[in-house]
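Colleague: What follows is each chain in one-letter form.
Protein chains: 2
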Amino acid sequence: MSKILVVDDEKDIVDLVSLHLQREGHEVVSVGNGLSVLPAAVKTSPDLIVLDIMLPGIDGVQVHRRLRADTRTRHIPVIMLTARAQTNDRIAGLESGADDYLTKPFSPRELMLRIGAVLRRSQKVVMLAEQRIGEFLLDRKNMSLSISGKLVELTITELKLITTLMANPDVIHSRSELLSAVWGYADDTHSRTLDTHIKRLRDKLGDHGRHIGTLRRQGYFFQSVVEEMSEA
Amino acid sequence: MSKILVVDDEKDIVDLVSLHLQREGHEVVSVGNGLSVLPAAVKTSPDLIVLDIMLPGIDGVQVHRRLRADTRTRHIPVIMLTARAQTNDRIAGLESGADDYLTKPFSPRELMLRIGAVLRRSQKVVMLAEQRIGEFLLDRKNMSLSISGKLVELTITELKLITTLMANPDVIHSRSELLSAVWGYADDTHSRTLDTHIKRLRDKLGDHGRHIGTLRRQGYFFQSVVEEMSEA
DNA sequence: TGAACGGGTCACAAATCTGTTGCCACCTCC
DNA sequence: GGAGGTGGCAACAGATTTGTGACCCGTTCA
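Chains A and B, in that order, give the protein sequences. Each residue of the first sequence is one higher than the one before, counting from 1 in the numbering used here. Each residue of the second sequence is one higher than the one before, counting from 1001 in the numbering used here.
No wet-lab data here; the hints were simulated from the structure. One or more of the hints may lead you astray.
Residues from chain A that face chain B, not an exhaustive set, calculated with beta carbons under 8 angstroms [what the hints assert, rightly or not]:
| id | residue |
| --- | --- |
| 1 | HIS26 |
| 2 | SER30 |
| 3 | ARG72 |
| 4 | ARG121 |
| 5 | VAL125 |
| 6 | MET127 |
| 7 | ALA129 |
| 8 | GLU130 |
| 9 | ARG132 |
| 10 | GLY134 |
| 11 | ARG140 |
| 12 | LYS141 |
Even glycine gets a Cβ: it sits at the ideal position worked out from N, Cα and C.
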């Protein structure tokens, strides 16, 4: 399910770890020396790096530092493998940087558990590519809204606004919440900005503008069901 | 997993079907007469409707027609339950409109299979809320792009452009493809529009603009890995 | 070698978008 | 009834965005 880069100079360890990872459905890339880690990480962009601290040439801490220094690899979580003999302060140093660490010799089972935990922590959030509420169809892929199959031309602000409202239909979104979500405003500027955009949005939606409701002193909301009336 | 509206006037059938559906993890809403179907469908917006053709008052075909006439329910797939006694031409009529149909008496197992098939067909497409390629982080939820954690202010056109390119990194997107995806142009207007926007995008990305590559006579592409150079 | 082509770049004007201000209507609470 | 608060609405001006035309240069191909 995930792509994992394993870094160790001992082939036995690489094979052991790879075997277990593959058994759990992960894709494994491996590297046997410290200098190749950064290029490999950049090229394959793994979801996680398992990094032995004892490496020929350049040690794991240095490698880790380099990974953190490069914007292209900064975000990749790292699990360190340390020898039990290491002094405590070194381990402390690791703790601050690495997402987790394990002392050798370790049980594959424990490594797998920790890997699972780290991956879960950095799990990807999925969302619906298309969100449908009644006749409204929000296409997040193309960043467009259509009603009954007809594309509605919205500006980026209007799009963000209705996207925010549609994310939780029938739930009140306070002014400050919307101001923050759409405009990034921290403080509640009590100007007419929000009203105006709501008005513009309603106008563009035409008859369907009724789906955007106001709750005085509370905020605005997207009404998933609107009582039928002059459809004629 | 899905919400299913079951329409039948025979309580036994509703219970039987509900039981099996719930056993498969679906949420069931049921209605016993034809007139309540449209309002119920509008209110609950189910993922699928199982509709008996024999209903008191108004028959299933009429109900189906009404569902198709309303933009709020038009998209909901319908599986019809017909009596074996129905004439063939009526079944033919159903075939054109309903997504599937079953003749009574039916085995619950068969109904479940068909329901599974229809649901699978209309399965929702999920996408990553955040897409990361190297230092680029595309946040589809907030419709924004950041590089190394720093927000890049893009116009909607530029955003659509880079979103399209990033959707398939390292793959060439032809001019007409981009023109179609971003501008909705059907014909390849050979103006300088696309170039200009590519240029503007590159400029805004600054040093990272090198990630957008040109392949003469082929198109443009998002390059996931760019050879390191003057990072200084 | 030179014409044709494809893309990069610039400048510009039109179109569009956006936040604000001012005003009004309505509601709520004294 | 009146004051204060809240949101709807219109208008406006500044800012931004957008497409296009002109020009250039490198590549390709005859």
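Colleague: For every hint, state whether the structure bears it out.
Modeller: Status of the hints after comparison with the structure:
1. HIS26: violated, 18 angstroms
2. SER30: Check failed: Cβ of SER30(A) comes no nearer than 19 angstroms to chain B, outside 8 angstroms.
3. ARG72: Given a least distance of 4 angstroms, the restraint on ARG72(A) holds.
4. ARG121: violated, 15 angstroms
5. VAL125: With Cβ-Cβ at 4 angstroms, under 8 angstroms, it holds.
6. MET127: holds, 4 angstroms
7. ALA129: The hint holds - ALA129(A) has a Cβ within 8 angstroms of chain B, the shortest such distance being about 4 angstroms.
8. GLU130: holds, 6 angstroms
9. ARG132: holds, 7 angstroms
10. GLY134: holds, 4 angstroms
11. ARG140: holds, 6 angstroms
12. LYS141: holds, 7 angstroms
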